[in-house]
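Peer 1: Given the structure of chain A, go ahead and fit chain B onto it with the hints provided.
Below are the chains, spelled out letter by letter.
Number of protein chains: 2
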Amino acid sequence: MTTVQTATDPVAEACCTPVTSEALSAEDAQRFAQLLKAVAEPTRLRLVSLIAAQENKEACVCDLTEPVGLGQPTVSHHLKILVDAGILHREKRGVWAYYSIIPGALERVAAVLSPR
Amino acid sequence: MTTVQTATDPVAEACCTPVTSEALSAEDAQRFAQLLKAVAEPTRLRLVSLIAAQENKEACVCDLTEPVGLGQPTVSHHLKILVDAGILHREKRGVWAYYSIIPGALERVAAVLSPR
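Protein sequence lines, in the order shown, are assigned to chains A and B.
For the first sequence, position 6 (counting from the first letter as 1) is numbered 6 according to full-length UniProt numbering, and the numbering increases by one without interruption.
For the second sequence, position 101 (counting from the first letter as 1) is numbered 101 according to full-length UniProt numbering, and the numbering increases by one without interruption.
Pulled out of the complex, with its shape left as it was, chain A reads as follows (with noise of 0.2 Å):
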């Protein structure tokens, strides 16, 4: 598996400024709060959670539906933000994406509300 991190992904740019560093700029304020909402909600709080909790720390769409009580375009509607925002990485092998988390990228959000 390859984790593919550019330089516009979201949880790279925010990583390094956390909010109580200086007063931050409206734009800053705009991507870190897009950043923020990706995760806070609670279906994609408990996929991000079921998909930490594999054993191979990976996971379908086919293994997450029923553990959230939802259908596939929903749940794949919630991964595709996730993915967006940096957090999970899609691999597509065979007929189903394997979708797994990011290294250090929840940290990195995490980062923005509090330094390391």
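Hints were generated in silico from the structure; no laboratory data involved.
Fair warning: there could be bad hints in the mix.
[What the hints assert, rightly or not] If you anchor each label on the Cβ, the simulated ranges turn out as follows:
| hint | chain 1 | residue 1 | chain 2 | residue 2 | range |
| --- | --- | --- | --- | --- | --- |
| 1 | A | D63 | B | G94 | 55 to 65 Å |
| 2 | A | S76 | B | P115 | 26 to 36 Å |
| 3 | B | D84 | A | P115 | 19 to 29 Å |
| 4 | A | A53 | B | E107 | 20 to 30 Å |
| 5 | B | E91 | A | G69 | 38 to 48 Å |
| 6 | B | E66 | A | G94 | 50 to 60 Å |
| 7 | B | A23 | A | W96 | 39 to 49 Å |
| 8 | B | T74 | A | P115 | 26 to 36 Å |
| 9 | B | R90 | A | G69 | 32 to 42 Å |
Please read these numbers as outputs of a predicted model, since none were measured by experiment.
Every residue, glycine too, gets a C-beta built ideally from N, C-alpha and C.
Peer 2: Here is chain B on its own, set in the frame of chain A:
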């Protein structure tokens, strides 16, 4: 200034169970998401950041309206959400209420995403 944290403080309640430590229950996910939503908003991030940037680490609404470019009722509304979430402490002194970040609150919100 006294800092009041009760057993029903939302931040304190969410403090010790990172999302990646086990599969989250629907109830915990709801509670964590609500806490994250309090900060996942551009104006509220800026307010937290502006309060932290004050020399004495506290601010009244009168200090905050101009930098965020919003009226007092809107700023007060956002501050109330942060107080209700257990992020900010509010202390009435004379005609103004003064807001400060509850020590450790942001760190505990961050810890929901990532264990320390």
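Peer 1: Which hints, by number, does the structure contradict?
Peer 2: 7
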